[in-house]
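Please construct the entire structure, taking both the sequences and the accompanying hints into account.
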Amino acid sequence: MTVTPTVRVQADDFDVDTETKHLTGGRHDVGAVVSFTGLCRDEGGRLAALELEHYPGMAEAEISRIAEDACRRWPLTGLTVVHRHGKLAPGANIVLVVAASAHRQAAFDAANYLMDFLKTRAPFWKKEHLKTGETSGWVEAKAIDDAAATRWNGA
Amino acid sequence: MTVTPTVRVQADDFDVDTETKHLTGGRHDVGAVVSFTGLCRDEGGRLAALELEHYPGMAEAEISRIAEDACRRWPLTGLTVVHRHGKLAPGANIVLVVAASAHRQAAFDAANYLMDFLKTRAPFWKKEHLKTGETSGWVEAKAIDDAAATRWNGA
Amino acid sequence: MNIRYFAWVREKVGIEEETVTLPDHVATVADLITHLKTLDDNHAAAFADEEVIRVAVDQEHVEADTPLQGAREVAFFPPMTGG
Amino acid sequence: MNIRYFAWVREKVGIEEETVTLPDHVATVADLITHLKTLDDNHAAAFADEEVIRVAVDQEHVEADTPLQGAREVAFFPPMTGG
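Residue numbers (numbering that gives the first Met the number 0), protein chains in the order written: chain A, 0 to 154; chain B, 0 to 154; chain C, 0 to 82; chain D, 0 to 82.
Since the hints were derived computationally from the structure, they do not count as laboratory data. Warning: the hint list may mix true and false statements.
[Stated by the list, open to error] Cross-link-like lysine-lysine pairs, in silico, DSS-like; alpha carbons within 30 angstroms at most:
1. LYS141/B <-> LYS36/D
2. LYS141/B <-> LYS86/B
3. LYS86/A <-> LYS20/A
4. LYS20/A <-> LYS141/B
5. LYS130/B <-> LYS11/D
6. LYS86/A <-> LYS141/A
7. LYS130/B <-> LYS36/D
8. LYS125/A <-> LYS86/A
9. LYS141/B <-> LYS86/A
10. LYS126/A <-> LYS141/A
11. LYS130/A <-> LYS20/B
12. LYS86/B <-> LYS126/B
13. LYS126/A <-> LYS126/B
14. LYS141/B <-> LYS125/B
15. LYS126/B <-> LYS125/A
16. LYS86/B <-> LYS20/A
17. LYS36/C <-> LYS126/A
18. LYS20/B <-> LYS86/B
19. LYS11/C <-> LYS125/A
20. LYS36/C <-> LYS11/C
21. LYS130/A <-> LYS86/A
22. LYS141/B <-> LYS141/A
23. LYS130/B <-> LYS20/A
24. LYS20/B <-> LYS11/D
25. LYS86/A <-> LYS11/C
26. LYS20/B <-> LYS125/A
27. LYS125/B <-> LYS11/D
28. LYS36/D <-> LYS20/B
29. LYS36/C <-> LYS125/A
30. LYS141/A <-> LYS11/C
31. LYS125/B <-> LYS36/D
32. LYS130/A <-> LYS36/C
33. LYS141/A <-> LYS86/B
34. LYS11/D <-> LYS126/B
35. LYS126/A <-> LYS141/B
36. LYS20/A <-> LYS36/C
37. LYS130/A <-> LYS141/A
38. LYS141/B <-> LYS130/B
39. LYS11/C <-> LYS20/A
Here it is, written out as C-alpha cells:
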C-alpha cells in the first residue's frame, strides 16, 4: 500500500520544520527525511521580485499526479509538496518537497524526482520584476530541466 | 573559491530550521537547499535505543574531509553537517546534512554524497539496545553502503 | 467550450478566459488552435509560434492530436517554469 | 605509541586505550597487529579476524602496509556504521 501525498498550492509561506514533523511525529519507522526548498534568487542583484502565475486546480492536480507516481516508485512513509504563487521577494521560499522513508536513497530519489517533474510539468510560470522598476518578462523554460526529467525514464 | 563547511559532532539534538537559516539568512544567491535528516528507527518495535560510539577528534576531522571534498566537487553556497553520539531513542535525530546552492542538482548531489561517505568513512559505530533489556550487539556494516559510496568514483 | 490562457499566451490574447462555440470541423486540439487563430489579430499573434505552446484538456497535459470530444475546458500556456 | 580501540574491538581487547612500546621489527600497521596479538588472549581474540578490522593512524584511515614512522596514535575498529 502506498502513502497518500500531501499537496498544497498557496500564497502563504511554509515552514520546513512543521511539514517535517507532520511526517515523523509519533512514529518510529522513519529513518530518513530529505527536504528540498527552492528559494527566490535576485540573479546578481538584478531582481526585485519573481511573480508566480499558476493554473488553479490543475496545479494541485498535476503535482498530485507527480507525487503519487513517486509514492508508487519508492517505498516512502510520507511525502509533502507545497508550492507558492504570487509575488515573491528575493530570499523568499518558493517550493518545498519533503520525502520520508525507512531508507535514505528512496527519500533522496523521490525528492529529486519530484523537483524534476515539478519544473517541467506543474503549471506555474515565473515573471521577473527588475530593481529598475521594469518587468523583464517571462522566464524561459530550460532545456536542462527537460533533460533532468527524462533521466528517470526506465530508471 | 569554495565555501568552508560547518561540521559538528555532539550529544545534543539539532534543529533543521536553525541550521538552514544559517545558510540562507540575509542572502539572495541561494536557490536551493537540500537537507537530509537521519533518524533512529525502532526496527519493527524491536529496539529500545541505539547507542552511537564515536572516535572524538577523528569524527570531526573525517566528516570535515568529506564535506570539503563535496565543496570542491559542487558549486555550493554553504554546507552544514551535524552528527550526534550517545544513546538515542527511536524517533530521535541522528545526523543532519544541509547543502545550499544556486541550483538544485548541486544541492541534491552534495547532500547525497555526504551521506554515502559518512556511512562508510565517519568513525561512528551503532550498538542496538533491545526492548527486552538485552543488548543485541553491534550493527554490521552493509555492502550496499560500500556500493553507494563507490558510485561517485569518476562521477 | 471554456478556453483559458496563462502567462505570455494570456498577455498576447489579452484575456484570461473565454467561452468559444466550436464549429463542426473542430475535432482536435490542433483544429481548435487553427480556429482560434482566425478570431482576431491577438489570437493570431498568441498562436503565431504554436509549436512552443502547451495544452491541457480538463487540467491534464495533452498533445495536439488529442480529440476534444467531451472536453469542458482547454488551456493554452508556455512551457512551465515553476519549482 | 598510543593505541585506541573502538566498538567490538574495544570490548574484546577489554580496554579503550593503551600505550605500547614497539619492538624494533614493528615498521608497519600489519607488523603492529602481529605484535598486539602476542600480548595476551584478549588482544589475540580481538584481532583473530584481522581482515575486517579498520585502522586509523593519527586520525586518518590507512591500509595495513602503512609505515608507522612518526605516528603518535593508532586506532583499531570495525567497519563504520554511522550516518
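(request) For the pair supplied as a hint, LYS126/B and LYS125/A, confirm whether the alpha-carbon distance does not exceed 30 angstroms. (result) Answer violated: LYS126/B to LYS125/A is near 50 angstroms, above 30 angstroms.
(message) Against the 30 angstroms threshold, does the CA-CA distance of LYS130/A and LYS20/B hold or violate the hint?
(response) holds (25 angstroms)
(message) For LYS141/B and LYS130/B, compute the direct alpha-carbon distance and say whether it is at most 30 angstroms.
(response) holds (23 angstroms)
(message) Check whether the Cα positions of LYS86/A and LYS20/A lie no farther apart than 30 angstroms.
(response) Distance ~28 angstroms between LYS86/A and LYS20/A Cα, so the pair holds.
(message) Against the 30 angstroms threshold, does the CA-CA distance of LYS141/B and LYS36/D hold or violate the hint?
(response) holds (27 angstroms)
(request) Could you grab the alpha-carbon distance between LYS130/A and LYS86/A and see if it respects the 30 angstroms cut-off? (result) Since the Cα atoms of LYS130/A and LYS86/A sit roughly 14 angstroms apart, the hinted pair holds (cutoff 30 angstroms).
(request) Please work out if LYS130/A and LYS141/A have their alpha carbons no farther apart than 30 angstroms. (result) It holds: about 23 angstroms lies between the C-alpha atoms, which stays within 30 angstroms.
(request) Below or equal to 30 angstroms on CA atoms is what counts here, so check LYS141/B against LYS125/B. (result) holds (13 angstroms)
(message) Against the 30 angstroms threshold, does the CA-CA distance of LYS130/A and LYS36/C hold or violate the hint?
(response) violated (36 angstroms)
(message) Check whether the Cα positions of LYS130/B and LYS20/A lie no farther apart than 30 angstroms.
(response) Within the cut-off at roughly 25 angstroms; holds.
(message) Check whether the Cα positions of LYS36/C and LYS126/A lie no farther apart than 30 angstroms.
(response) holds (25 angstroms)
(message) Does LYS11/C sit within 30 angstroms of LYS141/A, going by the straight-line distance between their CA atoms?
(response) holds (22 angstroms)
Comparing the model with each numbered hint stated earlier shows that hints 7, 9, 13, 15, 22, 24, 28, 32, 33, 35, 36 and 39 do not hold.
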